[in-house]
Amino acid sequence: MKLAYWMYAGPAHIGTLRIASSFKNVHAIMHAPIGDDYFNVMRSMLERERDYTPVTTSVVDRNVLARGSQEKVVDNILRKDQEETPDLIVLTPTCTSSILQEDLENFVERAQIDAKGDVLLADVNHYRVNELQAADRTLDQIVQFYLEKARKHGTLPEGKTEQPSVNILGMSTLGFHNNHDGTELKKLMGELGIEVNQLIPDGASVHNLKNLPRAWFNLVPYREIGLMSAHYLEREFNMPYVDITPMGIVGTAQCIRKIQQVLNQQGAAVDYGEFIDHQTRFVSQAAWFSRSIDCQNLTGKKAVVFGDNTHAAAMTRILAREMGIRVVLAGTYCKYDADWFREQVGEYCDEILISDDNGAIGDAIARLEPAAIFGTQMERHMGKRLDIPCGVIAAPIHIQNFPVGYRPFVGYEGANQIVDLVYNSFTLGMEDHLLEIFGGHDTKEVIHKGISAESGLNWSKEAKIELNKVPGFVRGKVKRNTEKFARERGMDEITLEVMYAAKESVGA
Amino acid sequence: MTATQPEALTFDCETGNYHTFCPISCVAWLYQKIEDSFFLVIGTKTCGYFLQNAMGVMIFAEPRYAMAELEEGDISAQLNDYNELKRLCDQIKRDRNPSVIVWIGTCTTEIIKMDLEGLAPKLEAEIGIPIVVARANGLDYAFTQGEDTVLAAMAVRCPEKAPEAEKEDRNAMQKLLNFGRKQEEIKAEAAEYADHPPLVLFGSLPDPVVTNLTLELKKQGIKVAGWLPAKRYTELPVLEEGYYVSGLNPFLSRTATTLMRRRKCKLIGAPFPIGPDGTRAWIEKICSVFGIEPQGLAEREAQIWENLADYVELIRGKSVFFMGDNLLEISLARFLIRCGMTCPEIGIPYMDKRYQNAELVLLEKTCQEMGVALPRIIEKPDNYNQLQRIHDLRPDLVITGMAHANPLEARGISTKWSVEFTFAQIHGFTNARDILELVTRPLRRNAALQDLGWDQLVQETAKV
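If you read the sequences in order, they're chains A and B. Counting in the working numbering, the first sequence runs from 10 upward without gaps. Counting in the working numbering, the second sequence runs from 38 upward without gaps.
If you are wondering where the hints come from, they were derived from the structure by calculation, not from laboratory data. Treat the hints with care, as some may be off.
Claimed, not checked - Incomplete in silico selection of chain A near chain B, CB under 10 Å: (1) M54; (2) R71; (3) Y281; (4) E283; (5) W297.
To be verified - As a list, the in silico DSSO-like pairs of lysine-lysine whose alpha-carbon atoms are at most 27 Å apart: (6) B:K70 <-> B:K123; (7) B:K256 <-> B:K303; (8) B:K70 <-> A:K11; (9) B:K301 <-> B:K390; (10) A:K11 <-> B:K322; (11) B:K150 <-> A:K81; (12) B:K390 <-> A:K393; (13) B:K256 <-> B:K159; (14) B:K322 <-> B:K453; (15) A:K161 <-> A:K125; (16) B:K150 <-> B:K123; (17) B:K150 <-> A:K11; (18) B:K130 <-> A:K11; (19) A:K512 <-> A:K470; (20) B:K198 <-> B:K255; (21) B:K303 <-> B:K255; (22) A:K11 <-> A:K33; (23) A:K33 <-> A:K196; (24) B:K256 <-> B:K70; (25) A:K81 <-> A:K33; (26) A:K11 <-> B:K123.
Even for Gly, the Cβ is constructed at its ideal location relative to N, Cα and C.
Just chain A, same shape as in the assembly (with noise of 0.2 Å):
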């Protein structure tokens, strides 16, 4: 047993569900009891979704566990499959489903014979992988699903496009800021010529993954989720594949001239060298930043990195490599891939911390006191409590990390998204700085009756300057409370050492 009030990667069965539920019509049923089915409400209000979730639960109660499932599940998969005719249903165990051992795969091949159609159990178990890895295993499944069914069937298509062109593997729901890198990566490949041959899972139809191996290869822009299936493609289909994330201006650079090296290896001659010059010299503004007198005084700074592995490593080399900020901790919780941190950041930054345990982390961003923070959520509220701005760079999100705007993380307007969101958190932790070295803005003393003057107190001069020593944010508190103080005791003007005594009895 471990005690546990917070966690970074959330279980197994999520993952599957935020695969199911990206593609366009698979219906995701869920072996769990009531209560499990809380993803809907998290893809209904983080994402804003319009559409009902495809995710029903074949619910786990006493007589189940009594007398087992039955024809429960086979009845809840036939249902759904006449109800709403998805072209694919996902039976997904959950920890519940984990010790029942019943035998799911059973009920699945049961089910296939009267489903119209396809009915896959998701591989995966609740004690062994998280959301990320089990997110990683069945889009790798579902795609080897359907290539083999497409091979048995004789309905795998021959050959390549005619012109250069990609599949971008592991775009997904509720992934961080996943939808804005999609749009991005298209127009990315667009602007290099190479058209798109499918983007998955997000909106795609399973019908078409039989047509994946006609790309000439794979992009995988994050490292958790695509990897697993742009493998099986490499075996099987001897696809090449890009794995570097374009994320930053160097990392985007190294990312395209892989691409370059890809297509060139199957004749297609491209050079993409003047474009990345171009746009990262004149179109972006993310190495002009870097130059510019703003980004001067970042150098040195102190940061702490925390996230997943894709947006943790990356952010790193961005502060350190693209910024000259001194990442003095840079941190993941995807333990199970630490190895590859390691390797991404090691000349990045003073220490590494591989962990999935917030206290730790807290412990060690209040050990090194950095000039910001970039990491979850988590460490958002951490630096809130410490006094230290955060920016959010990956997953756990809340509602706000899911923007209507346009926010990409990848290419050449993520990093210049980046650029402000790193400027910002700086920039801010500055400002508070400056006001409590100077005693805040209102350091003038106020020379006519506004609303200041509305208690009916009369503030001394003293006493004013000293309560414009406070700092901002408890300014208004402080002065309630001698206010208040002053009143009960019938005093009606304010000096210093009303203030004293007011702050030692109510501790204003």
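On the provided structure of chain A, position chain B as indicated by the hints.
Quick look at chain B alone, frame taken from chain A:
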């Protein structure tokens, strides 16, 4: 809607395929209510993920709750449950020093048959902190029923006889009631209490509501001897044989049963004090049991209705559909029908016809008096079927969980998120306006946005 009026309420039961919160969510409000408690949820990542997301920002406020996250070794019994729990509870004692640790049993502890009730007394003796066990799992219960399992377990822990503690408790209550008032006012208001047997109320409510309802009864000369739960575990009320008890919420049937059977208390079965009609009926029933003639209740109710007039105007003649997820549905429907709404369907996770009897009778009576059709009450509803019915009926308002709210809104159907009724203050005369504030919000929003012409925001309509 058809104009037929059935003679009595009809009850149906569907497949139980509906969305609701897991009952472990009761931790969220109970740890705040019982200030010296610590809630330990013994379950898996799934439970933790739910709590973390459902509680939103509360999670960052160093809550007095945690997960005892079961690992593979716990499931396969390679690790010893007792030793594991002892290690965690020692740590909780060291870090937080609570007056009680509440173990919340989950689906997993049920399936692997972890004997929490058996382990608790041993561990309790060893670490010197009371351990209360509540099996609030999704196999058996829905959402608010979690509180019921916790309170039923606490009812057994209430002292049997502790005159001193009782006195203090009352003083504390008195202090609370008199807070911020002048001495003369208190004297002027200090009515003589009628001579009646001790009355203990059960149900977790925010402190302002506790004060409010206690005062409401005081006006009738009825003294509240205690509340289950109290603000602190150490202040649990005395429960002697023959005490009277009354429930504040419709989902507390196990607690009621425990109080009657194990503590030999007498249950006052009344409608619940939700809405001015419910509050009045609740007080009248308590008065009648104690042989007290209620004073000024009709005027009080009338005055509240007068204050609600502007909101009632907005919903009169409109229809409301309850998908059902928190067991407050019967009481809320009864109040809204009294406000002039019609209600084709009341979905509800679980219907205890005995515990809710008085509320059901009042619902029936309200429908007859308002001249509206009796609603269908659907226990263990099927959300898919309900959505078909909603698309057919097109009610003016659907009260539902967050899983369906946005998709319904996108199809031009107004919704109110049901969970808000659990967390808002809705009890007593004073809070009736808060209920209507919630109910009318979508309607007022619609009024503000009308004529913009974009209430249908999906291309295919009515496909579920």
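Hints versus structure:
Hint on M54 (chain A) holds. Least Cβ distance to chain B is approximately 6 Å, under the 10 Å limit. Because the closest C-beta pair between R71 (chain A) and chain B is about 6 Å apart, less than 10 Å, the hint holds. Among the interface hints, the one on Y281 (chain A) is violated; its C-beta lies about 39 Å from the nearest C-beta in chain B, farther than the 10 Å criterion. The beta carbon of E283 (chain A) comes no nearer than 42 Å to any beta carbon in chain B, farther than 10 Å, and the hint placing it at the interface is violated.
At a threshold of 10 Å, the smallest CB-CB gap from W297 (chain A) to chain B is about 37 Å, leaving the interface hint violated. Using a Cα cut-off of 27 Å, the hinted pair K70 (chain B) and K123 (chain B) holds, with the two alpha carbons roughly 25 Å apart. For the suggested pair K256 (chain B) and K303 (chain B), the alpha carbons sit about 23 Å apart, so the restraint of at most 27 Å is met. Simply put, K70 (chain B) and K11 (chain A) have alpha-carbon atoms about 26 Å apart, close enough for the 27 Å limit, and the pair holds.
For the hint pairing K301 (chain B) with K390 (chain B), the CA-to-CA distance comes to about 21 Å; that is within 27 Å, so the pair holds. A threshold of 27 Å between alpha carbons decides the hint, and for K11 (chain A) with K322 (chain B) the separation of about 49 Å lies outside it, so the pair is violated. Only pairs whose Cα atoms come within 27 Å are accepted, and K150 (chain B) paired with K81 (chain A) is accepted, the gap being roughly 23 Å. Annotation: proposed proximity of K390 (chain B) to K393 (chain A) is violated, straight-line Cα distance about 49 Å (limit 27 Å).
For a cut-off of 27 Å, the pair hint linking K256 (chain B) to K159 (chain B) is broken: about 46 Å separates their Cα positions. Distance restraint check for K322 (chain B) and K453 (chain B): the Cα-Cα separation of roughly 31 Å exceeds the 27 Å cut-off, and the hinted pair is therefore not satisfied. With a C-alpha separation of about 18 Å, the suggested pair K161 (chain A) and K125 (chain A) falls inside the 27 Å cut-off, and the hint holds. Distance check on the hinted pair: K150 (chain B) and K123 (chain B) sit about 18 Å apart at the alpha-carbon level, within 27 Å; holds.
Under the criterion of a C-alpha separation no larger than 27 Å, the hint pairing K150 (chain B) with K11 (chain A) is consistent with the structure, at around 19 Å. The straight-line distance between the Cα atoms of K130 (chain B) and K11 (chain A) is roughly 16 Å, inside the 27 Å bound, and the hint therefore holds. About 18 Å separates the Cα atoms of K512 (chain A) and K470 (chain A), which keeps this hinted pair within 27 Å; it holds. Restraint check: the Cα-Cα separation between K198 (chain B) and K255 (chain B) comes to about 24 Å, which is no more than 27 Å; the hinted pair holds.
For the proposed pair K303 (chain B) and K255 (chain B), the alpha carbon gap of about 20 Å is at most 27 Å, so the pair holds. For the hint linking K11 (chain A) to K33 (chain A), the alpha-carbon distance of about 38 Å lies beyond 27 Å, and the restraint is violated. Among the hinted pairs, K33 (chain A) with K196 (chain A) is consistent with the structure: their alpha-carbon atoms are about 22 Å apart, no more than 27 Å. Between the alpha carbons of K256 (chain B) and K70 (chain B) the distance comes to roughly 26 Å, so the proposed pair stays at or under 27 Å and holds.
Of the pairs offered as hints, the one joining K81 (chain A) and K33 (chain A) holds, with about 26 Å between alpha carbons and a cut-off of 27 Å not exceeded. Distance hint between K11 (chain A) and K123 (chain B) is fulfilled; the C-alpha atoms sit about 12 Å from each other, no more than 27 Å.
Hints 3, 4, 5, 10, 12, 13, 14 and 22 from the list above are not met by this structure, while the remaining hints are.
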